[in-house]
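A.B. asks: With the sequences and hints as input, model every part of the structure.
Spelled out from the first residue to the last, the chains are:
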Amino acid sequence: MTAVPVTPIPATRRQQGHYGFAGVARMEWAKLRSVRSTGWLLGLTAAAVIGLAILVMSIGTSHWSHMPAAARASFDPANNSLTGLALGQLLMATLGALVITSEFSSGMIRSTFAAVPNRPLVLAAKAAVLGAVTLAAGEILAFAGFLAGQAAVASPAPHATLSQPGVLRAVLMGGGYLCLTALIGLGLGAIIRHTAGAIAAAVGVIFVLPLLTVPLPASLEPTVQKFLPEPIAANSLTAVKPVAHTLPPWAGLGLLCLYTVVLLAAGTAVLAKRDA
Amino acid sequence: MIEARDLIKRYGHTVAVDRLSFDVRPGTVTGFLGPNGSGKSTTMRMLIGLDRPDGGDARIGGRPYSGLGWPLREVGALLEAKSFQPGRSARAHLSALAASNGILRRRVEEVLAMVGLEQAAGQRARTFSFGMAQRLGIATALLGDPGVLLLDEPVNGLDPEGIRWLRMLLRSLAAEGRTVFVSSHLISEMALTADDLIVVGQGRLLAQTTVAELSARASSLEEAFLALTSGSVDYHGAHYHGAGYQGRGAGPRSADPAELRRLA
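So the protein sequences, as listed, match chains B and P.
One point on numbering: in the working numbering, the residue at position 189 of the first sequence is 189, and numbering is uninterrupted.
Count along the second sequence starting at 1, add 276, and that's the number in the working numbering.
Careful, some of the hints might be misleading.
[As the list claims (entries may be wrong)] Away from chain B, derived, C-beta distances all over 12 angstroms, residues of chain P:
1. ARG281
2. ASN312
3. GLY331
4. GLU386
5. SER405
6. LEU434
7. PRO436
8. GLY438
9. LEU462
10. LEU482
11. THR505
12. SER506
[Said to hold, decoys possible] Covered stretches of chain P (chain B as the covering partner; in silico rule of three or more C-beta atoms under 8 angstroms from a C-beta of chain B):
13. 338-344
14. 347-353
15. 369-375
No lab work stands behind these hints: they were computed from the structure.
Just so you know, even glycine gets a beta-carbon here, dropped at the ideal spot from N, CA and C.
C.D. replies: What follows is the structure, given as structure tokens:
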């Protein structure tokens with residue numbers, strides 16, 4: 001090979017400007033929609049939320065005239081039609097965890113951090129994109145589940161309408177809960193870095209923590225329970241008929257947001273500190 | 277221009293990189309040589325801020341990597357391990373990264389064509405052979421048309437045609453005035469590709485030299501390299517019949533890098 005005269009261009013050509021949140025968010029949006037797991041998990045969540053709403057409402061109201069009076073009095077058709085959130089929350093947490101754990105397992109995270117060395121900005125963009133997508137999907141699914149569930153009510157059992165007091169709030173907060181569980185999954189994923197570990201932690205927080213309160217003295221159990229995510233979702237956010245020993249809906253939502261922020265902050269700290 | 281100053285990286289009690297200082301100048305291909313486990317990959321990761329040094333610092337064009345405005349437009353890096361998600365297509369991978377650094381979509385198609393992946397660009401990367409995966413990594417490094425390239429073992433997995441293509445590419449990028457820093461454990465390939473050499477062993481700088489100068493120390497570049505690193509090899513293979521390395525290596529015997537390049 002003959003020697004080529006060296007063109008005197010600077011080794012590092014100083015470029016105007018700086019990467020910023022908008023560009024990083026565009027990258028995260030492009031990533032989220034270019035893997036199949038996103039569509040699969042959203043589809044499964046839709047099937048769980050809508051399918052369980054129809055199942056629970058049709059079976060739960062089929063023997064209405066034979067049900068005890070107490071059961072009829074406590075029947076909360078809005079709350080019952082959102083039963084599918086119990087499964088949906090786990091699928092959303094998985095989606096949230098995968099947004100970052102799939103990058104660690106594949107090595108993609110090295111490309112991401114090479115493109116955007118500001119790691120807190122990367123996590124903020126991930127949270128913003130994931131939050132927007134899962135909030136939109138969560139609200140659509142909560143309304144779809146509610147409407148499908150009410151349509152499946154067997155008369156003469158009563159069904160709920162959005163104009164009844166507290167019902168619109170229950171549905172909106174149910175949709176918002178799906179978004180929060182996705183962000184909790186993202187926070188756990190940023191801390192734990194492994195898909196299986198992050199999902200196990202999410203299962204632990206959602207399903208195992210409430211079980212751990214069972215051995216507590218009977219007087220203490222409801223006191224502790226009401227601060228846990230899953231009971232908050234079931235008994236505070238989506239309840240129209242008040243349940244004893246629970247937080248008011250807005251307090252429950254505030255506490256869940258606080259948990260989410262704490263996990264994301266911990267994830268940011270771990271991400272910034274540890275080698276990629 | 278890459279400047280490493282007293283870089284230190286420890287993993288527990290092991291010192292992977294030990295007060296390593298060197299300069300990589302623009303306009304030439306600089307080879308980064310060292311035995312297995314000598315700290316080459318760790319050094320590369322520290323240069324682009326993936327690993328935090330326990331001491332010292334690294335600068336690119338006078339600034340730390342974290343201070344670059346558009347990192348992909350200033351530094352392109354190919355790391356030894358895969359750095360993309362198998363479920364995503366090559367085009368989607370490059371497009372996502374381009375979006376973060378304000379790189380035009382047109383450039384994605386350009387780099388796909390440069391590395392010969394136009395046909396496979398829509399396939400998920402899971403289906404790629406090792407050589408295709410390596411080409412995607414090279415496309416990623418070239419995405420921002422950067423003035424500085426850091427490539428860790430780029431010839432791994434490439435076929436002979438691919439190796440020659442990469443060699444020509446790196447030399448022409450350097451001829452354009454870019455800084456090209458390439459690690460390899462293949463001495464013969466370095467003899468053909470690089471002008472300058474940085475040789476490390478056990479995380480320490482053994483020599484900052486040129487291919488011509490190092491080759492002149494012994495009967496071949498390989499011999500000179502083995503003599504230089506003999507004191508700092510972590511993993512020895514058994515010698516057959518005490519024959520040493522003579523004649524066993526796949527490397528070229530000629531000491532003259534100019535002649536080697538002519539042969540290539």
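A.B. asks: So which hints don't hold here, by number, going up?
C.D. replies: As far as the earlier hints go, not one is violated by this structure.
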